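Student: Full structure from sequences and hints, please.
Here the protein sequences line up with chains A and B, keeping their order. Per this note's numbering, the first sequence starts with residue 1, numbered consecutively. Per this note's numbering, the second sequence starts with residue 1, numbered consecutively.
Don't read these hints as lab results, they were simulated from the structure.
From the structure, some residues in chain B lie toward chain A, with a derived Cβ separation under 10 Å:
1) 15
2) 40
3) 44
Anything over 12 Å on all C-beta distances counts as not near chain B; from chain A, calculated:
4) 26
5) 116
6) 180
7) 183
Only a predicted model underlies this, so the values are computations on that prediction, with no experimental measurement involved. Note that beta-carbon positions come from the ideal geometry of N, C-alpha and C, so glycine has one too.
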Amino acid sequence: MSEFVDRLAARANEDGLVDVAYATVETPLGTGLVAATPKGLVRVALPNQPIDEVLARLAKDVSPRVLEFPARLDEARRELDQYFQGRRDHFELPLDWRLSHPGFYRRVLRATARVPFGEVITYRDAARRAGNPRASRAAGTALGSNPIPIVVPCHRVIRTGGEVGNYGGGPEMKRFLLELEGAL
Amino acid sequence: MNAMAQALPPFQAFLDDHLHPVRAFLRGMVGPNDAEDCLQETFLAALRAYPRAEPGNLRAWVLTIARRKAIDHHRARTKGPRPVAEPQQLIDGRTGREGTGSIDGALGMSPRHSEIWAAVAELPASQRAAVVLRFAVDLRYRDVGEAMGTSEDAARRNVHEALKKLRASAAELKEMTR
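Tutor: Right, dumping it as C-alpha cells:
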C-alpha cells in the first residue's frame with residue numbers, strides 16, 4: 001500500500017470512520033481474508049472465496065465504509081498464524097455475530113464455537129445443543145453459512161456415520177483442518 | 001436490474017479506482033506541493049459521506065468534493081497563486097490510456113508545457129477547474145459538468161473561455177520569445 005493510503009486509513013480509523021477493517025492472511029491453504037467491525041471479528045474468508053465478492057458482500061451487509069487496515073487485525077492474524085502452526089488450540093478474539101441469522105442459526109454457531117480443539121460432534125448434536133434435536137438439516141445450513149469459519153469451528157461438525165461432510169472451503173479443507181487438530 | 005450492480009462498492013475499491021484521476025485534478029488545481037494534503041482531505045470527506053453517496057457516478061461525486069477542497073485551499077491562502085503542476089506530473093498522475101485531452105492540441109500550438117500551466121493557474125477558479133478536468137483528468141464534457149454541478153453546455157463554455165485566454169497568453173509568449 002502507498003504511503004498516502006496508509007496515512008488515510010490511519011486518520012480514518014482515528015476518526016472512527018472505518019466500519020469494516022480488513023486484511024489478508026496467509027494460511028497453508030492459500031490467502032484468506034479477515035475483517036472486523038469495532039465490535040470484533042465479523043468475517044473470515046477461506047482461500048477459495050474470491051476477495052472482491054467477499055468485500056462487496058461486507059459493503060452491502062455491514063457498511064460500505066470497508067477499508068484495508070491491517071493494524072486492526074494484528075491479533076486475529078497472529079492467532080490464526082499460531083493455529084496453523086499448531087501452537088494454538090483456541091481463539092481469544094471478540095466476535096461480531098451480525099452476519100449470522102439471529103435465532104436458531106446463530107444458536108447453532110454459538111454452540112459450535114464451544115466445541116474444543118481436536119473434538120468433533122455430529123450435525124444432530126449441533127442441532128440438539130441449539131435447542132432443536134430434530135433440526136439437523138437446518139443445523140447443516142446454519143454451519144454452511146458460517147461467516148467466521150475456523151475461529152467458529154464449523155469444521156468440527158461431521159456426519160453421524162463419521163464422514164466429514166460438506167464445508168464452505170471444500171471437503172479437502174475440512175479434512176486438512178481436522179487432521180491439523182488430530183481429530184481424524 | 002441486478003441489485004448488486006447499483007450497490008456502493010467497498011470504499012477500498014472506490015479509493016483504488018479514483019485516487020489517480022483525483023490526484024491529477026488536484027495537482028492541476030493547487031499545484032504539486034499542496035495536492036497531497038488536499039487529496040487526504042478529499043478522501044477523508046468522501047469516506048465520511050460515503051454511505052449517502054449515489055452509486056451512479058462516483059467519479060463526478062468525488063471530483064466535486066475535490067473541487068470544494070481546492071477552493072477552500074485557495075481561500076485559506078493569503079498569498080498569491082502557487083505554481084501549478086508540471087504537465088509531466090499531471091500526466092503521471094493519470095490512469096490508463098493516453099486520452100485525447102492534450103491541451104497543446106486544443107490550443108493548436110506547442111508552447112512549452114510549464115508556460116501553459118502557469119497560465120492555467122491565472123484563470124478564474126471555475127475555468128481552471130473545467131480545463132483541468134477536461135485535459136488533466138481527461139473527462140468528457142458531460143462529466144466535467146457533473147463534477148462542477150453545472151450543465152454540459154456550461155462546462156463547454158468554461159473550457160472554451162479558458163482556452164481563449166490561454167491562446168491569448170500563448171500568442172503573447174510567442175511574441176515575447178520571437
